[in-house]
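Keeping the supplied structure of chain F fixed, place chain D upon it in accordance with the hints.
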Amino acid sequence: MLTFVLLGILFTAEILSALAVVFMKGQVHAAVAITAFFSINTAIFFLLGQSLLGVIQFLILVGGISTYLLLGTGASDEEYFKHTSIATFVLVLIPVFAILSYPFLSQGGPQLATIQPSAQPLSQLGFQLLGGTSMIYLASLLLFAAAIGAVMLLKRRY
Amino acid sequence: MLQYLALFSIALFAIGIAGMVSSKHFLVMILSIELSLIAATTFVISFYSGGYSGYAMVFLFAVWAIAAVEAISLIIFYQELIRRGMGLDVTKMSKIRD
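Protein chains in written order, with my numbering: chain F, 37 to 194; chain D, 56 to 153.
If we strip away everything but chain F, and leave its shape as in the complex, we get:
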């Protein structure tokens, strides 16, 4: 029961922080809001029993990405202007949510099947990762290319 209550609180807080990312006027405020979003998402992972993934996500998203975003946005002057149209936001939000959630809400639609927890040990994780090595190589190649591009852009003089 306590888990449900905590999940409800975290769901509400995460939705609010997501809305804050979109509607905050200053970019540093948006970066702070997305840091809160990442942290709350990690807490949800913990509540769902995925503490290992939660720790990894916390290190990558909060320790890495959020710090980078906060430093990057904080190093420049803030620029304030009205950037998001609430009417357009609502007009897009409702159809996207309705279309995507229709299978879960309709009675005759496809039902979700829970994946049964299995008793596989943690050592199986290595084999799972080995199967998707090409994807990880591709992701790291992208990261490497982006890092080189970043250095090249910073070194250019105008």
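One or more of the hints may lead you astray.
[To be verified] Per the computed footprint, the stretches of chain F lying under chain D, defined by three or more beta-carbons under 8 angstroms from a beta-carbon of chain D, are:
1) 44-55
2) 64-75
3) 90-102
4) 105-113
5) 129-138
6) 175-186
[As the list claims (entries may be wrong)] In the PhoX-like style, the derived pairs of lysine-lysine whose C-alpha atoms are separated by at most 20 angstroms in a straight line are:
7) F/K61 x D/K79
8) F/K61 x D/K147
9) D/K79 x D/K147
What the hints contain is simulated information worked out from the structure, not anything from laboratory work.
Keep in mind that this is a model prediction, so the values were computed, not measured.
All C-beta atoms, glycine included, are put in the ideal place defined by N, C-alpha and C.
Only chain D this time, still in chain F's reference frame:
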């Protein structure tokens, strides 16, 4: 329980998509894509709640790597736009070719 989690993830994803479409702030648009990416990870992990999640690991690592690349690119372009004095309004970004 699973349906609530799925609906919650879909709501986050929809907020990300709507934020990306309705905003003309460069940084907010990219951060909205980040919201959608993390909503996708929440959707995936909701199927494995309490169980073994090794199968989801590869997907999650790919998403986190993409999110990291996106953040790096975002800050680089952001600094570049500020340095050129162009502002963060994407409707004025056609000047970037000059």
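Whether chain D covers the stretch 129-138 of chain F (at least 3 residues having a Cβ closer than 8 angstroms to its Cβ atoms)
holds (count 5)
Given the hinted pair F/K61 and D/K147, is their alpha-carbon gap at most 20 angstroms?
This hinted pair holds, its Cα atoms lying about 18 angstroms apart.
Establish whether the coverage given for the stretch 90-102 of chain F by chain D is satisfied; the threshold is a Cβ-Cβ distance below 8 angstroms, and no fewer than three residues must meet it.
Holds: 6 residues of the stretch 90-102 of chain F have a Cβ under 8 angstroms from chain D.
Within 8 angstroms of chain D (C-beta), three or more residues of the stretch 175-186 of chain F
Coverage by chain D holds for the stretch 175-186 of chain F (8 residues, Cβ < 8 angstroms).
Straight-line Cα separation of F/K61 and D/K79 no greater than 20 angstroms?
12 angstroms, holds
Per-stretch coverage check for the stretch 64-75 of chain F, three Cβ contacts closer than 8 angstroms to chain D:
n = 5 at 8 angstroms, threshold three: holds.
Would the hint linking D/K79 and D/K147 be met if the CA-CA limit is 20 angstroms?
Holds, at about 10 angstroms.
Per-stretch coverage check for the stretch 105-113 of chain F, three Cβ contacts closer than 8 angstroms to chain D:
As far as the stretch 105-113 of chain F goes, the hint holds, because 6 residues have Cβ atoms under 8 angstroms from chain D.
Taking a Cβ-to-Cβ distance below 8 angstroms as contact, does the stretch 44-55 of chain F have at least three residues touching chain D?
holds (count 5)
Checked against the numbered hints given earlier, this structure breaks none of them.
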